[in-house]
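K.L.:
Listed here are the chains, written in short residue letters.
Protein chains: 2
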Amino acid sequence: MAQKPSIPKGTRDFSPAEVAKRQYIMQIIKSNFEKFGFQPIETPSFENSDTLMGKYGEEGDRLIFKILNSGDFLAKADENLLNNKDSLKLTSHISEKALRYDLTVPFARYVVQHQNEIEFPFKRYQIQPVWRADRPQKGRFREFYQCDADVVGSTSLWQEVELVQLYDSVFSELGLEGVTIKINNRKILSGIAEVIGASDKLIDFTVALDKLDKIGEDGVKKEMTEKGISAKAIEKVQPLFQFTGTISEKIDKLSELLASSEEGLKGVAELRFICDSIQNLGLDKSVLDLDVTLARGLNYYTGAIFEVAPPASVAMGSIGGGGRYDDLTGIFGLKNMSGVGISFGLDRIYLVIEELNLFPETVTSTSTALFINYGEKEALYAMKAIASLRKAGVKVELYPDNAKVGKQFQHADKRGIKFAVIAGETEMEKGIFALKDLISGEQFEVDFIALQSSLQK
Amino acid sequence: MAQKPSIPKGTRDFSPAEVAKRQYIMQIIKSNFEKFGFQPIETPSFENSDTLMGKYGEEGDRLIFKILNSGDFLAKADENLLNNKDSLKLTSHISEKALRYDLTVPFARYVVQHQNEIEFPFKRYQIQPVWRADRPQKGRFREFYQCDADVVGSTSLWQEVELVQLYDSVFSELGLEGVTIKINNRKILSGIAEVIGASDKLIDFTVALDKLDKIGEDGVKKEMTEKGISAKAIEKVQPLFQFTGTISEKIDKLSELLASSEEGLKGVAELRFICDSIQNLGLDKSVLDLDVTLARGLNYYTGAIFEVAPPASVAMGSIGGGGRYDDLTGIFGLKNMSGVGISFGLDRIYLVIEELNLFPETVTSTSTALFINYGEKEALYAMKAIASLRKAGVKVELYPDNAKVGKQFQHADKRGIKFAVIAGETEMEKGIFALKDLISGEQFEVDFIALQSSLQK
Numbered sequence: 005m006a007q008k009p010s011i012p013k014g015t016r017d018f019s020p021a022e023v024a025k026r027q028y029i030m031q032i033i034k035s036n037f038e039k040f041g042f043q044p045i046e047t048p049s050f051e052n053s054d055t056l057m058g059k060y061g062e063e064g065d066r067l068i069f070k071i072l073n074s075g076d077f078l079a080k081a082d083e084n085l086l087n088n089k090d091s092l093k094l095t096s097h098i099s100e101k102a103l104r105y106d107l108t109v110p111f112a113r114y115v116v117q118h119q120n121e122i123e124f125p126f127k128r129y130q131i132q133p134v135w136r137a138d139r140p141q142k143g144r145f146r147e148f149y150q151c152d153a154d155v156v157g158s159t160s161l162w163q164e165v166e167l168v169q170l171y172d173s174v175f176s177e178l179g180l181e182g183v184t185i186k187i188n189n190r191k192i193l194s195g196i197a198e199v200i201g202a203s204d205k206l207i208d209f210t211v212a213l214d215k216l217d218k219i220g221e222d223g224v225k226k227e228m229t230e231k232g233i234s235a236k237a238i239e240k241v242q243p244l245f246q247f248t249g250t251i252s253e254k255i256d257k258l259s260e261l262l263a264s265s266e267e268g269l270k271g272v273a274e275l276r277f278i279c280d281s282i283q284n285l286g287l288d289k290s291v292l293d294l295d296v297t298l299a300r301g302l303n304y305y306t307g308a309i310f311e312v313a314p315p316a317s318v319a320m321g322s323i324g325g326g327g328r329y330d331d332l333t334g335i336f337g338l339k340n341m342s343g344v345g346i347s348f349g350l351d352r353i354y355l356v357i358e359e360l361n362l363f364p365e366t367v368t369s370t371s372t373a374l375f376i377n378y379g380e381k382e383a384l385y386a387m388k389a390i391a392s393l394r395k396a397g398v399k400v401e402l403y404p405d406n407a408k409v410g411k412q413f414q415h416a417d418k419r420g421i422k423f424a425v426i427a428g429e430t431e432m433e434k435g436i437f438a439l440k441d442l443i444s445g446e447q448f449e450v451d452f453i454a455l456q457s458s459l460q461k
Numbered sequence: 005m006a007q008k009p010s011i012p013k014g015t016r017d018f019s020p021a022e023v024a025k026r027q028y029i030m031q032i033i034k035s036n037f038e039k040f041g042f043q044p045i046e047t048p049s050f051e052n053s054d055t056l057m058g059k060y061g062e063e064g065d066r067l068i069f070k071i072l073n074s075g076d077f078l079a080k081a082d083e084n085l086l087n088n089k090d091s092l093k094l095t096s097h098i099s100e101k102a103l104r105y106d107l108t109v110p111f112a113r114y115v116v117q118h119q120n121e122i123e124f125p126f127k128r129y130q131i132q133p134v135w136r137a138d139r140p141q142k143g144r145f146r147e148f149y150q151c152d153a154d155v156v157g158s159t160s161l162w163q164e165v166e167l168v169q170l171y172d173s174v175f176s177e178l179g180l181e182g183v184t185i186k187i188n189n190r191k192i193l194s195g196i197a198e199v200i201g202a203s204d205k206l207i208d209f210t211v212a213l214d215k216l217d218k219i220g221e222d223g224v225k226k227e228m229t230e231k232g233i234s235a236k237a238i239e240k241v242q243p244l245f246q247f248t249g250t251i252s253e254k255i256d257k258l259s260e261l262l263a264s265s266e267e268g269l270k271g272v273a274e275l276r277f278i279c280d281s282i283q284n285l286g287l288d289k290s291v292l293d294l295d296v297t298l299a300r301g302l303n304y305y306t307g308a309i310f311e312v313a314p315p316a317s318v319a320m321g322s323i324g325g326g327g328r329y330d331d332l333t334g335i336f337g338l339k340n341m342s343g344v345g346i347s348f349g350l351d352r353i354y355l356v357i358e359e360l361n362l363f364p365e366t367v368t369s370t371s372t373a374l375f376i377n378y379g380e381k382e383a384l385y386a387m388k389a390i391a392s393l394r395k396a397g398v399k400v401e402l403y404p405d406n407a408k409v410g411k412q413f414q415h416a417d418k419r420g421i422k423f424a425v426i427a428g429e430t431e432m433e434k435g436i437f438a439l440k441d442l443i444s445g446e447q448f449e450v451d452f453i454a455l456q457s458s459l460q461k
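Chains E and R, in that order, give the protein sequences. Per my numbering, numbering of the first sequence is gapless, rising by one per residue and ending at 461. Per my numbering, numbering of the second sequence is gapless, rising by one per residue and ending at 461.
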């Protein structure tokens, strides 16, 4: 035990300062979720393995943390698998539970399991950690929080409108100016695939188109050709290379471009409703933009697709994303439950706010004042004041030992505590306190009422 | 997948109503922790196995959930262990991480790992789930929250005084009348063991003495004799059979009884300081009582021992406990770090508050008002009001579809929403809203300002 202890790679300890900042962000997300009518649920950290396995693809299955069965887990294990050291197949014999990989699958499981208690449409939010056995790297952890809001049981496009407003409301309250909420629609992507006549080339197409800013029209067209997209197809979508203007103008262009695709036009109509409504209702500090290259979650999203980019001054990937999936709960046997939801990327939002210096100074868990300890009798005098201050909601504490006064002041300083309260023999006799502002160095004699009102400021 | 999905035994889903109530309790605990100068930390859900194993005894080791190594975990596993199906020994070969079993050991690990960044004395709180592979039963779960506050790096008895106040402050704010904070001291137990001349019989002694109310003095003495405690020893502690009166009187009796034990008298002095201070400072709704049968955590506590009993009207075990341990961080190589801490039992506190009907009516995550949806144009009118109300902090929502009005009202009813706002064509033309109180059935025409002030009440 001489070795200094450590924690598993990809996990983190959070100091008091970090917890306070994380809670500040989560509190704003949570209060906005509730203002928008979302209600919290919580699901267990681990689920039965068959609830999770097979829901995230082969790669996902590999990244799920499995929990070893308790007790004599090998007793019933297949001997052949053991002898062959077949880790993959043995897993299901010695592990029946696994840590949550995201919040969406547990939510779908929850909805199906509790369908008779739930009043639909059901707007739920969930802020809980998830675990992935991913290779840790900068900004990617094996344990991290997801903050999700989803509605299930309604196909109304007002949900999409509200989710755009919700993003705007949260990021505006966090003080972020110029967040871009990018929107696209799966049906528009399908329409484009129809038009270029190659749905298997859709990802190649959007990936190439996304590079327009960087490599220019010719570069993009070259890449598309290399990927096997025909010159004729590229010609058909020529308007996408001059895809500028307001959202309304962009939607008009798409409407023309996708005129031959029924599916595509459905997507245009959905987009138009959402964007027009947002235009009518207005956003606070964010901007809504249409981005036809947005193709996240292509395998499960069926309608709107969202992704949020931080203010342009910060070099960082998306800080949120989401979309509509028409069959959320089908995997658990409950058909025809359309869902739409968004997620907030807590860790990245934290980094953005830190970089832009937007955490309010008041975000701290430290005490407002430290009472200096001058010995048993004086400490009791201090403790009486402390009890009253705490009742009034003021965060205060007594230095626990009658140590050298210099050491006690140093403690306040290192802890970032703003005030010291001196309650020695002199003050005690006069029934007063000396309040010292540790930043300005000023010191005043105050009675209890003045002390309380000073510390409550 | 036709089978209805379920969750692992011993785990729970929490509905919106349950989450709201749990958060209400946790919020009160948290805000009191901070008022008392404790700061939050968070540690990872899983730790390296060697951080946890061997810290909770053999039984504890068995109850720790182990996480299977990712990838081809059998590749490096010992063939003999596999062939012999030696589950116990194989575990450390195929599992390097384990889920947190409590918050104390991770805290000790945190203190040692971050000792150079921490300013001592360090008052930390931690509210996080822990996991135990215990047999699930009523009130015992495999995943549950612990709410701990500990101070490390100070031997001052003011800490114990503050922890008693902290218990009182939390339970009083929760509305509980007559919670009993029971206190004892390890050194007093040592003193009693000295006096009865059999330290190996201490637990038998306290267990028997604890039954005084139920089986009477003769019954207790009979049990003690059966357990091998001599008649002479029982005679020596005769005062404990009439151990009544105020705390001060009880302490006086102990002082006499333990006159021959240096250790015991140290315990008496500590108790006296704590109890005198609390008497001087006063408690709100709780009662402090001395209970010499309190012997929890006998193996690690070295000073004060705490346990909290709910109001007598509720039949329930302890709702909190804690104590002083002189060598918290020694297991990780950092000596001479005294710690003292307390824990709140969230699940039991929840049941007590539920049973006494003490959850405020306002504890709910549901919306204050539902706007009835009369179609696209009207919904946009409603959405404008909704956006303003949300900015003012009011929780409101629009029924997403233009469904039958009766169905929409039913939805509000089932969700426990108090008000419906009718914004149909008539209201829209007049620029007003009809506000319907769904409990009284009353309905008023209001302008936006009146609407907002009604819903903010």
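Incorrect hints may appear among the rest.
What the hints assert, rightly or not - List time: in silico BS3-like cross-link candidates among lysine-lysine, alpha-carbon distance up to 25 Å:
1. R:Lys-34 to E:Lys-34
2. R:Lys-89 to E:Lys-80
3. E:Lys-34 to R:Lys-89
4. R:Lys-80 to E:Lys-80
As the list claims (entries may be wrong) - Output of the computed footprint for chain E on chain R, the stretches with three or more beta carbons under 8 Å from beta carbons of chain E:
5. 47–57
6. 162–175
7. 209–216
8. 396–402
9. 430–437
10. 441–454
Claimed, not checked - Take a look, some chain R residues computed to stay more than 10 Å from chain E by CB distance:
11. Pro-12
12. Arg-16
13. Asp-17
14. Lys-39
15. Thr-95
16. Glu-100
17. Tyr-114
18. Trp-135
19. Gln-150
20. Glu-266
21. Arg-300
22. Met-320
FYI, nobody ran anything at the bench for these hints, they're computed from the structure. Note that the structure is predicted; figures quoted are calculated from it, not measured. The beta-carbon is built from N, C-alpha and C at its ideal position, and this holds for glycine as well.
K.L.:
If a hint holds in the structure, say so; if it does not, say that too.
P.N.:
A quick look at each hint next to the structure:
{"no.": "1", "hint": "R:Lys-34 to E:Lys-34", "verdict": "holds (17 Å)"}
{"no.": "2", "hint": "R:Lys-89 to E:Lys-80", "verdict": "holds (9 Å)"}
{"no.": "3", "hint": "E:Lys-34 to R:Lys-89", "verdict": "violated (49 Å)"}
{"no.": "4", "hint": "R:Lys-80 to E:Lys-80", "verdict": "holds (21 Å)"}
{"no.": "5", "hint": "47–57", "verdict": "holds (count 7)"}
{"no.": "6", "hint": "162–175", "verdict": "holds (count 6)"}
{"no.": "7", "hint": "209–216", "verdict": "violated (count 0)"}
{"no.": "8", "hint": "396–402", "verdict": "holds (count 6)"}
{"no.": "9", "hint": "430–437", "verdict": "violated (count 0)"}
{"no.": "10", "hint": "441–454", "verdict": "violated (count 0)"}
{"no.": "11", "hint": "Pro-12", "verdict": "violated (5 Å)"}
{"no.": "12", "hint": "Arg-16", "verdict": "violated (7 Å)"}
{"no.": "13", "hint": "Asp-17", "verdict": "violated (5 Å)"}
{"no.": "14", "hint": "Lys-39", "verdict": "violated (4 Å)"}
{"no.": "15", "hint": "Thr-95", "verdict": "violated (7 Å)"}
{"no.": "16", "hint": "Glu-100", "verdict": "violated (8 Å)"}
{"no.": "17", "hint": "Tyr-114", "verdict": "violated (6 Å)"}
{"no.": "18", "hint": "Trp-135", "verdict": "violated (7 Å)"}
{"no.": "19", "hint": "Gln-150", "verdict": "holds (14 Å)"}
{"no.": "20", "hint": "Glu-266", "verdict": "holds (22 Å)"}
{"no.": "21", "hint": "Arg-300", "verdict": "holds (24 Å)"}
{"no.": "22", "hint": "Met-320", "verdict": "holds (23 Å)"}
Comparing the model with each earlier hint shows violations of hints 3, 7, 9, 10, 11, 12, 13, 14, 15, 16, 17 and 18; every other hint is respected.
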